[in-house]
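Colleague: Residue strings, one per chain:
Number of protein chains: 4
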Amino acid sequence: MKNKKLVMIPGPTPTIRSINDQMGRETVAFGDPEFVKDYKELIIDLKEMFKVDGECFVVAGTGTMAMEMAISNVTKRGDNVLIVSNGFFGDRFIDLCERKGLNVDVLSAPWGEVVSPETIESKLKEKNYAAMTVTHVDTSTGACAPIEEIGKIIKNYPDTIYIVDGVAATAGEREYVDDMGIDILFTASQKAFGVAPGLALLWAGQKALSRRKSLGTIPEFYIDFEKWIPIMNDPSKYFATPAVNMVWALKESVRVINEEGIEARYDRHIRVSKAIQSALESLGFKILAKEGNRGTTLSNVLYPEGINDAEFRKIMAEEGAMVAGGLAAYAGKLFRLGHMGNIDDHTVYSVIAVIERTLIKLGYKYEKGIGLKTLLENM
Amino acid sequence: MKNKKLVMIPGPTPTIRSINDQMGRETVAFGDPEFVKDYKELIIDLKEMFKVDGECFVVAGTGTMAMEMAISNVTKRGDNVLIVSNGFFGDRFIDLCERKGLNVDVLSAPWGEVVSPETIESKLKEKNYAAMTVTHVDTSTGACAPIEEIGKIIKNYPDTIYIVDGVAATAGEREYVDDMGIDILFTASQKAFGVAPGLALLWAGQKALSRRKSLGTIPEFYIDFEKWIPIMNDPSKYFATPAVNMVWALKESVRVINEEGIEARYDRHIRVSKAIQSALESLGFKILAKEGNRGTTLSNVLYPEGINDAEFRKIMAEEGAMVAGGLAAYAGKLFRLGHMGNIDDHTVYSVIAVIERTLIKLGYKYEKGIGLKTLLENM
Amino acid sequence: MKNKKLVMIPGPTPTIRSINDQMGRETVAFGDPEFVKDYKELIIDLKEMFKVDGECFVVAGTGTMAMEMAISNVTKRGDNVLIVSNGFFGDRFIDLCERKGLNVDVLSAPWGEVVSPETIESKLKEKNYAAMTVTHVDTSTGACAPIEEIGKIIKNYPDTIYIVDGVAATAGEREYVDDMGIDILFTASQKAFGVAPGLALLWAGQKALSRRKSLGTIPEFYIDFEKWIPIMNDPSKYFATPAVNMVWALKESVRVINEEGIEARYDRHIRVSKAIQSALESLGFKILAKEGNRGTTLSNVLYPEGINDAEFRKIMAEEGAMVAGGLAAYAGKLFRLGHMGNIDDHTVYSVIAVIERTLIKLGYKYEKGIGLKTLLENM
Amino acid sequence: MKNKKLVMIPGPTPTIRSINDQMGRETVAFGDPEFVKDYKELIIDLKEMFKVDGECFVVAGTGTMAMEMAISNVTKRGDNVLIVSNGFFGDRFIDLCERKGLNVDVLSAPWGEVVSPETIESKLKEKNYAAMTVTHVDTSTGACAPIEEIGKIIKNYPDTIYIVDGVAATAGEREYVDDMGIDILFTASQKAFGVAPGLALLWAGQKALSRRKSLGTIPEFYIDFEKWIPIMNDPSKYFATPAVNMVWALKESVRVINEEGIEARYDRHIRVSKAIQSALESLGFKILAKEGNRGTTLSNVLYPEGINDAEFRKIMAEEGAMVAGGLAAYAGKLFRLGHMGNIDDHTVYSVIAVIERTLIKLGYKYEKGIGLKTLLENM
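Chains as they are written, first to last, in our numbering: chain A, 1 to 379; chain B, 1001 to 1379; chain C, 2001 to 2379; chain D, 3001 to 3379.
Just to be clear, a hint being listed does not mean it is correct.
[Claimed, not checked] Straight-line distance between alpha carbons at most 30 Å, and here's what the computed DSBU-like set of lysine-lysine pairs gives: (1) K3005(D) <-> K368(A); (2) K2004(C) <-> K1361(B); (3) K2037(C) <-> K3004(D); (4) K3237(D) <-> K2361(C); (5) K1037(B) <-> K333(A); (6) K2005(C) <-> K1274(B); (7) K2076(C) <-> K3213(D); (8) K3002(D) <-> K368(A); (9) K3002(D) <-> K51(A).
[To be verified] Simulated restraints on C-beta separations: (10) R99(A) <-> N1103(B): 19 to 29 Å; (11) A3328(D) <-> R255(A): 35 to 45 Å; (12) K3213(D) <-> G2031(C): 36 to 46 Å; (13) E260(A) <-> T2217(C): 45 to 55 Å; (14) E263(A) <-> A3310(D): 31 to 41 Å; (15) E260(A) <-> K1286(B): 52 to 62 Å; (16) R99(A) <-> E3041(D): 52 to 62 Å; (17) D1267(B) <-> R2017(C): 28 to 38 Å; (18) R255(A) <-> N2233(C): 29 to 39 Å; (19) D2234(C) <-> E263(A): 37 to 47 Å; (20) P158(A) <-> R2017(C): 52 to 62 Å; (21) K3037(D) <-> E260(A): 43 to 53 Å; (22) K3155(D) <-> K1040(B): 53 to 63 Å.
Hint data in this document are derived by calculation from the structure and do not stem from the laboratory. Virtual Cβ for every residue (Gly too), placed ideally from N, Cα, C.
Input sequences plus hints: build the corresponding full structure.
Modeller: Listed below in structure tokens is the structure:
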């Protein structure tokens, strides 16, 4: 029988049955007291989980929308913005900010590396930035920015709102909003939360909320913090209809995370990613992100010589694992492997086995079984 | 045993099992060829169903977001916009447009009535409007605007983009984009499509698309037509992760609609709404919307003397039907009853029975059974 | 859109979503500690709910199998058995008993009536019966036997095992095993428990268990109490693989019953059946079972003159309700309407509305709406 | 997060989502024309799949019940029966047959071996047997009887009904009823069909059906072929309520099997079982069944010295795989590993990985990774 196709791209990630079941419920009225209670508890849980004394927004949309939400609520035309880009998703802020009339400075790292805190600090000294964006783990490279260290620096720049794009990180990589000096953190449901795509999540600390207040009316409507704050504090109120089933699914995801323990979850992501990366290296692959900068949520995996990207991914899919291709200059040179969210050990062994079977089918010469053995020794 | 709580608010509407089941599937990679095929077919089906030679956008978000999407893609700061408002949701365009720097003129009807095509035409002659918005059925009143007649007028105003807010109408009230001279039509998944909330749907004809092109870069990012057009034509491409399960659910909803036949569906909405409204009147309620202007998707139902809104809706919920309260000046004076989407006759009889039982519990004097009898005679 | 087809036959009955969801779970090992716990709790709950100091058996099979299980465990070739038959299902015991070499005496009532306790007592005096069977509610007639009164008589006949066939009664009609002097009660999952078909349920009191012991080895294997007693007391043991998902579903059904309260459930069945029967009579139908003998779980409904059975049931199905035809001499003369289990008021109103719509389509002359009105006045 | 607990006992086997979904549907009337069609098609498909010119019975119950059904329909008190027993499940026929008054002869093999066709033939010459039972794969040993060879012998004994117990074989091990000279084959839903437990399946060829006819009335009621033949040929008729949801699930299972191809499925079972058994041997385990006699559906796996059964299975469960313990004399000495039905390669790699992790946790000395490597080389 055909192998189940494992969803090993960097999002959506595999969805477990209890989360699927919440999606599959009959929808209720958004004002139904039981739903209002569920939604309210979710927001409280999410604030607590990521330790923010501020607001948490859960809104129908995507991570892309959350980027815009972050920028729109803390900047105005003519402001300076510093974009710290470690890849494709860092760069996305450029277009976004420019179309909003912001003056954009960009600090870029070569793909696989990250801009150092020192470089950031030098730049911050040059100019007054209304906001700075850092992509925690850039999906295009798998490199992980030192957001905590950067957070320590930013504390000296009270005018700069520190925006962390946690799309490919949040709920997999350690992130505590207030403790790390983050002002805005955002992500989407289909990443390390393990829910279907369709929800944007955003946490805003007091500094960000004050900035929003100071801006008065902003041009954006649907993603305006001010519209949502009353709702997030009392979901019986109306601004736009909440995505009822997705809210339930996210709530179940939070329950699953709490069952595991958020710290245990972070540790698991470290353990699993190291084991996977070791296994991949034992097979002759290279990890794009430099050691020390590697994210725990996904790996960008450079092919050894002789492996054709299209063939590799085609056979992978046939053997039962969907992985993503490389972006931009790395198209054809690497594949992107998600290993975040609700994936258990079975999934991890299965995917390394799929990779080995694929290599064998491609006639690749290597020591058969070494990937699985290395995985076993490192899990 | 407790009665099932029927979702009789004007959205979300009852979701049927086959649609729930699509929501409950394991999520797949958005680039999975089978999903790409599903998404593409959905877009094609939606264009055909609403007869547009242009584009259809299905994007994670809400009807509120779709309003902003409509405005943002066809206007620029300083443009004149005419807002035809028949209620609360018509008025919402004012804030939205003003914050985008548009000059807003508003034509308002008393609640329950609609602005006449003549009044609109007079206004259009006065000034050059970049766009005009009309709410097809305003959920706050249940009044239905004569969008087809207005469409005939607007043809003489080639600079004005005709935006129809179909949130509480589309898939329940007759709407054919090109044939009716509509330039932009939008709605959300949880209304007459009978899907959970979480998707915005928007159709744009050639005139709207040309306008978008002429604007160059716009400040909005996530809701920019230009970002989505390539995706909607080839969903294997990426801009923002599609809400996979919601797309499947909407696709199933389209299948269900086609099974019924879209014309048969429109006729059913007429038949059912008339029967419900007759039944309500036989019970001593009055319908806010004037005859001739009544929408078929919901009714705003004025209480007879002596009925307390809070008590009425509380007992209704206990007896098994959630209805919504009145908005603004009508809070406490009426309840809002949705009767759109995938509701069958059983649901209709059940809800009238719930209303009768509620009246009896409230000690209301009337001829018992007259509501059900009137319903039976008019269905 | 097509109306949902309500399952208004006397079993299967409508299954609610929370019960369906238990059916839809991934199956686990029958020795999985969590399943063992679930199964054990179910048996305990079922003993308590029906008040038996003895055993409860929940076994993959049907009500038909449960009949055989009852007989096989308390009789041996050559024994006398008294069959109290009020219809088709009472008569079924004849073939069953005769093929096992039992001497069968039958007391029969005209269809719609029940054999009186006095008649039973006279018969019991004549001969020593090893067992006596009484069908609580015979599905072929809807007549309800006075099982409690009969139970008082049987106490004077210590050699006679009192077997009550509760297939169309249990969990809808009041039944307390020990208190009513019942020795064996049985039913199936798809009746008033509201679960899919596939499970036989049987309760045996101490007298029945002693009889079984005294018989030594019996010819039957799968339905032998002795094989199952160890399992029902410790479901981690093995005799035959339990129907895991059906056990979960039945457990959920028991939870639903306890949520309502078993006494409240019995009262509801009385209230609903009376209202339905009044409504049907107001429409010109007659109820086969005599007043005083009417079951609360189903009605056998005689057509008024001029109504054709096949046409009636065909239109009923189209309008959204499946009902069953009459059996034996009553084929074509009546339809059988189930109203047991997890049916809420919505279902009841819906089905009477379906009946009225069907009558109207058949051109039947009557006061439109009278059925619904009568229902409303009597619920 | 906790690993999903894989169901690797020899039944129930893992149930896939599409089969679970059939279980989770709302139940319909058993006379609903769509269900009748589904049931009928299922019976036709099952006859074709196992190539029988006779009848196929799908009845609520279990494999244990199917054993009794097989015996009861082809023997009468006083008949001779030959039981060919290769383990615990072979022996079960002894009690079953003796309680029915049959004269039982037993041919037994040491556990792990099978009775040879020659031995069987010698025995058949001695006496006139009304029936002979052979357990295809005995779950207690994993040994596989040469049912095809035995079928060739039995053709010379026209008075002997050849009953094959396929419980742990059917739909995994090659079985063609008529071609192999089998008269009765039976199994249960939760084995290689991959459905939840709750259905017995039985195929009877013409010889078995004639025998049944010749017996006249038999003492058994629920499992009497004669009661079911009319139903299996026209499921709109009634004998006992079919287990609607389980029938749907089995039908989906048949669809899944046909999608794979029954021959491809048999080949897969061979390939996977060989790979698993090689992997286990490379880890130091021994397979109880002798090579040449090994079933492809499960393995009975003898522990290497120093491994404690209870500890091993406890850690296995924690790591994410339920396996079964040894029976009778082998309790504590081996574990039983199911590898039949709808298990894909991911499951196979996962379970070998679980075994390796368990061995490591137990401090067992061995070459880490050798099990996975051997698996990879042999799949």
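Colleague: None of the hints should be skipped; say for each whether it holds.
Modeller: Each hint, compared with the structure:
Taking the CA atoms of K3005(D) and K368(A), the gap is about 28 Å. The hint holds against a cut of 30 Å. Only pairs whose Cα atoms come within 30 Å are accepted, and K2004(C) paired with K1361(B) is accepted, the gap being roughly 29 Å. Pair hint K2037(C) plus K3004(D) holds up; C-alpha atoms about 19 Å apart against a cutoff of 30 Å. Between K3237(D) and K2361(C) the CA atoms are separated by roughly 29 Å; this keeps the pair inside 30 Å, and the hint holds.
Distance check on the hinted pair: K1037(B) and K333(A) sit about 27 Å apart at the alpha-carbon level, within 30 Å; holds. Distance restraint check for K2005(C) and K1274(B): the Cα-Cα separation of roughly 24 Å lies within the 30 Å cut-off, and the hinted pair is therefore satisfied. Simply put, K2076(C) and K3213(D) have alpha-carbon atoms about 25 Å apart, close enough for the 30 Å limit, and the pair holds. Restraint check for K3002(D) and K368(A): satisfied, since their Cα atoms lie roughly 29 Å apart, inside the 30 Å limit.
At roughly 25 Å between alpha-carbon atoms, K3002(D) and K51(A) fall within 30 Å of each other, so this suggested pair holds. Distance hint for R99(A) and N1103(B): a CB-CB separation of about 22 Å, consistent with the stated range 19 to 29 Å. In this structure, A3328(D) and R255(A) meet the distance hint of 35 to 45 Å, their C-beta atoms being roughly 44 Å apart. For the hinted restraint 36 to 46 Å between K3213(D) and G2031(C), the CB-CB distance of approximately 41 Å keeps it satisfied.
Range check, E260(A) to T2217(C): about 53 Å between beta-carbon atoms, so the 45 to 55 Å window is met. At about 32 Å, the CB distance of E263(A) to A3310(D) agrees with the hint of 31 to 41 Å. For the hinted restraint 52 to 62 Å between E260(A) and K1286(B), the CB-CB distance of approximately 56 Å keeps it satisfied. Taken as a hint, the range 52 to 62 Å holds for the pair R99(A) and E3041(D), whose Cβ atoms sit roughly 58 Å apart.
Taking 28 to 38 Å as the suggested C-beta distance range, the pair D1267(B) and R2017(C) conforms, at roughly 31 Å. A hinted range of 29 to 39 Å holds for the C-beta pair R255(A) and N2233(C), which are about 34 Å apart. The hinted range of 37 to 47 Å is satisfied by D2234(C) and E263(A), whose Cβ atoms lie roughly 40 Å apart. Hint check: P158(A) to R2017(C), Cβ distance near 53 Å, so the stated range 52 to 62 Å holds.
Here the CB-CB span from K3037(D) to E260(A) is close to 46 Å, well matched to the stated 43 to 53 Å. In this structure, K3155(D) and K1040(B) meet the distance hint of 53 to 63 Å, their C-beta atoms being roughly 58 Å apart.
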